[in-house]
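A.B. asks: This note's numbering applies: residue 1 is where the sequence shown begins, and numbers increase by one.
Everything labelled a hint here was simulated from the structure, so no lab data went into it.
Each residue gets a CB set at the ideal place from its N, CA and C atoms; glycine is no exception.
Treat the hints with caution; some may be incorrect.
Derived lysine-lysine pairs resembling DSSO-like cross-links, with alpha carbons at most 27 Å apart [unchecked claim]: (1) Lys27 with Lys169; (2) Lys218 with Lys252; (3) Lys27 with Lys170; (4) Lys87 with Lys143; (5) Lys201 with Lys87; (6) Lys114 with Lys60; (7) Lys170 with Lys60; (8) Lys252 with Lys87; (9) Lys281 with Lys143; (10) Lys315 with Lys87; (11) Lys252 with Lys60; (12) Lys143 with Lys51; (13) Lys169 with Lys201; (14) Lys169 with Lys51; (15) Lys60 with Lys281; (16) Lys281 with Lys114; (17) Lys114 with Lys143; (18) Lys201 with Lys218; (19) Lys51 with Lys281; (20) Lys143 with Lys218; (21) Lys218 with Lys60.
What follows is a list of derived Cβ distance ranges for each label pair [said to hold, decoys possible]: (22) Met299 with Ser202: 26 to 36 Å; (23) Asp194 with Pro310: 42 to 52 Å; (24) Ser202 with Leu311: 46 to 56 Å; (25) Ile288 with Phe5: 18 to 28 Å; (26) Ile284 with Met106: 20 to 30 Å; (27) Pro310 with His142: 35 to 45 Å.
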Amino acid sequence: MTYTFEVALTVFLVMVIISQLIAGMTKMRLGLPLVLGVLGVVGFHYGWIPKDIAELSNMKAVGFIAFNVLVIHSGTAIDRSDFRRYKREFAFLLSVVALSLMAVYMVSAVIFTKEIALIALGPVFGGGATAAITSVASLATHKELSAIPWLIFMLQSAVAIPILEIVLKKAMQETNTLNCSKFEVNEEKNALIDRIPTHMKSPAYYLGGILVFSLVAKWIHLKLFAGIGIHFAVVALFSGALLGHFGILDKKPLARADSYGLLLLGLMSLLLETLANTPLKAIIGLLIPVIVILLVAVMSLAICAVILAPLFGIKTYHSLAIGLACMIGFPSVDYLLNKRGLKNEEFIRLTNPWIINGLSIMIGGIVAALL
């Protein structure tokens, strides 16, 4: 069968639809990335799907655009008032993640190799963007290990979702809700953005704006930060946060342009691209390190959360839920909170996917610079 652009794109989208259906049927325990990755590996191995499907469908190009702009998009979505409102909770989260990462690195370096341990640090507490950052960075120095970030991203939900679901139910049963320091949030007017008439804010406006600032961030990175080992993702994240805060760029511009879903599809094509270029034997060989790393991450996170929770005045199950939410990220946490009868406004704000995503991108950027 000849795979033209139309055929390749159709096959790719059908794979995503099947993955989404299975993810929904299993209540996110088998996440979309996991099912899509398995379909890809099986299809590539038996020759049912061409290994260059990401390129034939042009989704690879979309994926690289996503790689550049999603970080800025995530930066604009960070709400500074959440940091002030939940000072104690975020200090707790940073402490737990830092200690858990140390545990993951030390155990992984002893059992496996220092290279595997370092590469795993990026995506183990992150999402697709972090997996892409770490995987692309590892291609230059450790190509044989470049599938690790995507395998971690694929298996995170399967390992942690069942635990998080139990923990969330327990957290909601605890007396009081969050005991958070209250902070009145004032709506900030984005003065510069508000001067542009609404009728002019088309998808082209939002996409064009974020791409322009992505190029500016890349130029700043090359001129000022590349030489001192700071990854582009870190510069882009801070650029997005500043642009959103000062009203120079709309918050969550990709969502406003109705382009967020398309770019996430592009990101998934990078997952398939990496798996297609990794032999099946190598993928199977990497599964044991990945599963061990995820189990170590969950156990170390649980231990650190339980020990540190009293020091920060946070209830035990809430502390576990915060840590696991950081590990799993969007959209699985959102699904559990909104679709499984666990909706709680305070907790949803605390497990803000954009805050968590920003933290994971920071970790991924630091790891990528060290590779």
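A.B. asks: Against each hint, give a clear statement of whether it holds in the structure.
C.D. replies: Results of checking the hints against the structure:
{"no.": "1", "hint": "Lys27 with Lys169", "verdict": "holds, 15 Å"}
{"no.": "2", "hint": "Lys218 with Lys252", "verdict": "holds, 19 Å"}
{"no.": "3", "hint": "Lys27 with Lys170", "verdict": "holds, 19 Å"}
{"no.": "4", "hint": "Lys87 with Lys143", "verdict": "violated, 40 Å"}
{"no.": "5", "hint": "Lys201 with Lys87", "verdict": "violated, 35 Å"}
{"no.": "6", "hint": "Lys114 with Lys60", "verdict": "violated, 30 Å"}
{"no.": "7", "hint": "Lys170 with Lys60", "verdict": "violated, 42 Å"}
{"no.": "8", "hint": "Lys252 with Lys87", "verdict": "holds, 23 Å"}
{"no.": "9", "hint": "Lys281 with Lys143", "verdict": "holds, 15 Å"}
{"no.": "10", "hint": "Lys315 with Lys87", "verdict": "holds, 15 Å"}
{"no.": "11", "hint": "Lys252 with Lys60", "verdict": "holds, 23 Å"}
{"no.": "12", "hint": "Lys143 with Lys51", "verdict": "holds, 17 Å"}
{"no.": "13", "hint": "Lys169 with Lys201", "verdict": "violated, 42 Å"}
{"no.": "14", "hint": "Lys169 with Lys51", "verdict": "violated, 42 Å"}
{"no.": "15", "hint": "Lys60 with Lys281", "verdict": "holds, 24 Å"}
{"no.": "16", "hint": "Lys281 with Lys114", "verdict": "holds, 21 Å"}
{"no.": "17", "hint": "Lys114 with Lys143", "verdict": "holds, 15 Å"}
{"no.": "18", "hint": "Lys201 with Lys218", "verdict": "holds, 24 Å"}
{"no.": "19", "hint": "Lys51 with Lys281", "verdict": "holds, 16 Å"}
{"no.": "20", "hint": "Lys143 with Lys218", "verdict": "holds, 24 Å"}
{"no.": "21", "hint": "Lys218 with Lys60", "verdict": "holds, 20 Å"}
{"no.": "22", "hint": "Met299 with Ser202: 26 to 36 Å", "verdict": "violated, 49 Å"}
{"no.": "23", "hint": "Asp194 with Pro310: 42 to 52 Å", "verdict": "holds, 45 Å"}
{"no.": "24", "hint": "Ser202 with Leu311: 46 to 56 Å", "verdict": "holds, 50 Å"}
{"no.": "25", "hint": "Ile288 with Phe5: 18 to 28 Å", "verdict": "violated, 38 Å"}
{"no.": "26", "hint": "Ile284 with Met106: 20 to 30 Å", "verdict": "holds, 26 Å"}
{"no.": "27", "hint": "Pro310 with His142: 35 to 45 Å", "verdict": "holds, 40 Å"}
When held up to the earlier numbered hints, the structure conflicts with 4, 5, 6, 7, 13, 14, 22, 25 and fits the remainder.
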